[in-house]
Structure formats: structure tokens, C-alpha cells
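Enquirer: Following the hints, position chain R against chain X.
Below are the chains, spelled out letter by letter.
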Amino acid sequence: MSKYLLNKFLYTIDRDAELVERYREDPAGTVAWWELEYANKILNSHEAEASTWLSFEPDERAALAEQDHVRLFELGAHPFLTLTLFIALFERDNTEPLEYQKAYGQRLSHFTLPYPDIST
Amino acid sequence: MATIAAVIASTHHPFYYKASTAPPEERPPFADAWVEKILAFRETLTRARPDVLVMVGSDHFHQLWLDNMPQFLVGKAPFYDANWANEEREFGLPRLLLRGQEDLSSHILRGGLDAGFDLAFSNELRIDHSITCPIITLRPEADLPIVPIYTNIFAPPLPQPKRFVALGRAIRELVESWPSDLRVAIIGTGHLSLELGGPRQFGPHGPDPEFDRKAVEWIANGDIERSLAEVSLDSLWNPGNATHGFMDFMLMMGVAGEGAKADHVDSLDLFHTMEAYFTWYPEGVPA
Chain X
-6 MSKYLLNKFL
4 YTIDRDAELV
14 ERYREDPAGT
24 VAWWELEYAN
34 KILNSHEAEA
44 STWLSFEPDE
54 RAALAEQDHV
64 RLFELGAHPF
74 LTLTLFIALF
84 ERDNTEPLEY
94 QKAYGQRLSH
104 FTLPYPDIST
Chain R
67 MATIAAVIAS
77 THHPFYYKAS
87 TAPPEERPPF
97 ADAWVEKILA
107 FRETLTRARP
117 DVLVMVGSDH
127 FHQLWLDNMP
137 QFLVGKAPFY
147 DANWANEERE
157 FGLPRLLLRG
167 QEDLSSHILR
177 GGLDAGFDLA
187 FSNELRIDHS
197 ITCPIITLRP
207 EADLPIVPIY
217 TNIFAPPLPQ
227 PKRFVALGRA
237 IRELVESWPS
247 DLRVAIIGTG
257 HLSLELGGPR
267 QFGPHGPDPE
277 FDRKAVEWIA
287 NGDIERSLAE
297 VSLDSLWNPG
307 NATHGFMDFM
317 LMMGVAGEGA
327 KADHVDSLDL
337 FHTMEAYFTW
347 YPEGVPA
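If you read the protein sequences in the order shown, they are chains X and R. Numbering follows the working numbering, in which position 86 of the first sequence is assigned residue number 79; successive positions increment by one, without gaps. When you read off a place in the second sequence, starting at 1, and then add 66, the result is the number in the working numbering.
The set of hints was computed from the structure by calculation and includes no laboratory data. One or more hints might be untrue.
[As the list claims (entries may be wrong)] Below, computed lysine to any residue pairings styled on SDA-like, alpha-carbon distance capped at 20 Å:
#: 1; chain 1: X; residue 1: K(-4); chain 2: R; residue 2: W131
#: 2; chain 1: R; residue 1: K327; chain 2: R; residue 2: V351
#: 3; chain 1: X; residue 1: K95; chain 2: R; residue 2: L336
#: 4; chain 1: R; residue 1: K228; chain 2: R; residue 2: D289
#: 5; chain 1: X; residue 1: K34; chain 2: X; residue 2: A10
#: 6; chain 1: X; residue 1: K95; chain 2: R; residue 2: G269
#: 7; chain 1: R; residue 1: K84; chain 2: R; residue 2: R205
#: 8; chain 1: X; residue 1: K(-4); chain 2: R; residue 2: N218
#: 9; chain 1: R; residue 1: K84; chain 2: X; residue 2: E89
#: 10; chain 1: X; residue 1: K34; chain 2: R; residue 2: D133
#: 11; chain 1: R; residue 1: K84; chain 2: R; residue 2: A97
#: 12; chain 1: X; residue 1: K34; chain 2: R; residue 2: W131
#: 13; chain 1: X; residue 1: K95; chain 2: R; residue 2: P270
#: 14; chain 1: X; residue 1: K95; chain 2: R; residue 2: E156
#: 15; chain 1: R; residue 1: K84; chain 2: X; residue 2: Y31
#: 16; chain 1: X; residue 1: K(-4); chain 2: X; residue 2: Y31
#: 17; chain 1: X; residue 1: K95; chain 2: R; residue 2: F157
Isolated chain X, as found in the complex:
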């Protein structure tokens, strides 16, 4: 299980406007590309000094490919990262203010305290 890598995906997609659009248009393809090309980049380092050991578990890969924010919450992805990226992906479809944000919370309503652990 790699909460860290889930978070790294959410973080690196969110901060790149082109990747946000790419993930909106082609979720599964973007996740596959990212795992191959991006997952092992050390963000503050040269390409040649990448890591060699990072990959998703199957259910993590599926949650990202299906843009399933409920499953991401359950897996312990950082809720702030998930929320921020998903707002970027879907708020534009709102027909009233905060519509997406409220529905997002509603879809998580079956969770009770304590929530899944987000420690990495």
C-alpha cells in the first residue's frame, strides 16, 4: 500500500494545468502514463537520479483510473489533495455554487470517526 504515491499523483497532477485537463479527458490513460513516466521522479532532482521502486497497488491504480474519490478517502489519500484536484476537475460542471463540493461530501456520508488513517 502506498498512500505516499497516491498523494504524489494527486499533487503532481493538480499543480500542472495541462495534466489536470489530460486526467479529466483520459483518466485511465493518464494514470498508466504517470505510473510509467512520473511515479519515480524525485521532484527536486535531476531525471537521471530517479527512484526505482515506486508503483501502485492494483486497488490504488483502479481508484485513480476510475476517479473514485470515495475509494481514495478509504485508502487514506490525503483529503486535501483529493478535494483540491477533484474541484479542479469537476467544479466547472456546477449549475449552482458549491454544488460539486456538497455532493462530494454527501458521497462520503457513510464514513464515521475515526476516518481512515492518512499518515504516510
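Expert: Leaving out everything else, chain R in the frame of chain X:
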């Protein structure tokens, strides 16, 4: 030695900028009441005639990331660019450039290390809305040099609440021992009960109004002892999954001092979270 012109603690709500600057037809119904409270709050800083601002906040996974995560970090740079693309996108926040006060940064770093706080530092720091929101609310001219101090309230494992209080006390002593004739305001922002990315987010109030009521009372009365007795890293998950931001208020209570009653206390019950504003004048209320 430097004078502490004011100690200020506040929530940092990224929606304020848009709510207060939107054209009338897009202005949310709560904007006028909010602006009125912010203008009164701003006056508490203006009256203190500060020359320098020490700004305590928390990076929201912008520059600080999980491959290299400091617990407490002091900026030491001549300038700080501010706000990030996702804050522009989601909140409409403007880009800013703030000057740094490097001499005070050095003094806090050296003195903090010697006092037992192994502070990280940054010589190139782009700051985010935890620091720019209070600039926008309290000093929109953005004309004073700053010392940014970041705390980790975001990525567990986190420091204990008592360490936030202790760091606040240390910051107070360090500013007071800075050999300068300048007037320093120490400003920090955090949260009351808050939920982000969980089932209780974006409700009609903050997720835990009872916690908010108690928290405002602790802060307003400087009741550090009670807040430390009632709050722990585990308990802070209960009022809302982002409520560890309350520890930045605890840091500011440490700056203000045990039993220090705030000279200005205000709050605003908004949807999603409660806003709260506090100002202390250690040298007495300015004329």
C-alpha cells in the same frame, strides 16, 4: 530592542478575497457583514503602526512536500513571491510579492536553534494563502517586510500541541530580544473546526460549533492550560479532519501569553467554517 506592536490571530479563509471584490451581482449575501468585520479587524493592526510582520502559517502542499517535510520552518529571503496556481484557480487569489526582513529571520533562526527548536529554513520560499489571506485582510497594501514561519499542521506525524505553544513563547521572546528599534506585529493564522475532503465539509456551519465556541473562549482569555488539557493530536480529528490547524492558534496563544485577554475578539459564523479574529496589545491599547 524591538517592540511588539500587536499580536494577532485569525482564521484564513481563502474565499474572502473573491467575496469582497466580486461585482455586486456576484457578491454573496454574507459579504457585507464579512467585510465590516474585516475592516474593524484591519484597524487593530493599523492602529499598532507596525514596521515588520512576523507571519505564522502553514504551507498547503505547495512548496513543502512529503519527500522533505519540515515541522517548523523559517523563511530567510529578501523577497517572497506569493500564491500558487491552484489558489488562483480555486479562490481567485492574486499573485503578490512581499519583501523579507532577513535580519529578523536570522535572529529568530539562531535564537530558536539555541533555545531547542531545530528549525528548518528556506532561502527561496513561495508563500501561500495561510500567509497571504491575513495580508489581504489586515494589510492589503502588502507594503511591510515579513518573516514567514511555517508549521506542519497538515501531514502527520505532527508536532504535539504543547510544542506549538512553546514555539509561540519562544517567538515572542526572540522578537523582544531583537536589537532593533522597529515595531513588530506577530500575526498567525489557523482554523477552528474544519473539514476538508470529508463527509462534514461545506455544511451550513463549521463541523463542530461546540468546539468553536470553546476554542474562541480559550483564545480570547489566553487559556493555554485549558486548551492543552482538552486538545491532543488524536482529539483534534473529532471536530473536523482539518482541525489540527487549531494548533496555529495555540502557537499564537503562546505568543500572547498565559492568561492574556485579547483586546479585540470577533467571529463570524459562515457556512463551512467559523471565522475568528483576535488582537492583543502587549504594550497597551494604542491611542
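Enquirer: Now, for every hint given, state plainly whether the structure supports it.
Expert: Hint check results:
For the proposed pair K(-4)(X) and W131(R), the alpha carbon gap of about 14 Å is at most 20 Å, so the pair holds. Straight-line distance between C-alpha atoms of K327(R) and V351(R) comes to about 12 Å, which keeps the hinted pair within the 20 Å bound. Straight-line distance between C-alpha atoms of K95(X) and L336(R) comes to about 15 Å, which keeps the hinted pair within the 20 Å bound. Restraint check: the Cα-Cα separation between K228(R) and D289(R) comes to about 13 Å, which is no more than 20 Å; the hinted pair holds.
Our distance criterion of 20 Å between C-alpha atoms is met by K34(X) and A10(X), whose separation comes to about 19 Å. Among the hinted pairs, K95(X) with G269(R) is consistent with the structure: their alpha-carbon atoms are about 8 Å apart, no more than 20 Å. At roughly 16 Å between alpha-carbon atoms, K84(R) and R205(R) fall within 20 Å of each other, so this suggested pair holds. For the hint linking K(-4)(X) to N218(R), the alpha-carbon distance of about 18 Å falls within 20 Å, and the restraint holds.
Annotation: proposed proximity of K84(R) to E89(X) holds, straight-line Cα distance about 16 Å (limit 20 Å). Proximity of K34(X) to D133(R) is assessed by CA-CA distance (about 11 Å); at most 20 Å being required, the pair is judged to hold. The straight-line distance between the Cα atoms of K84(R) and A97(R) is roughly 9 Å, inside the 20 Å bound, and the hint therefore holds. A C-alpha spacing of about 13 Å is found between K34(X) and W131(R), which places the hinted pair at or below 20 Å, so the restraint holds.
Annotation: proposed proximity of K95(X) to P270(R) holds, straight-line Cα distance about 10 Å (limit 20 Å). As the CA atoms of K95(X) and E156(R) are separated by approximately 15 Å, the hinted pair is consistent with the 20 Å bound. Distance restraint check for K84(R) and Y31(X): the Cα-Cα separation of roughly 35 Å exceeds the 20 Å cut-off, and the hinted pair is therefore not satisfied. Pair hint K(-4)(X) plus Y31(X) holds up; C-alpha atoms about 16 Å apart against a cutoff of 20 Å.
In summary, the hint linking K95(X) to F157(R) is supported, as the alpha carbons are separated by about 17 Å, within the 20 Å threshold.
Taken one by one, the earlier hints fail for this structure only at number 15.
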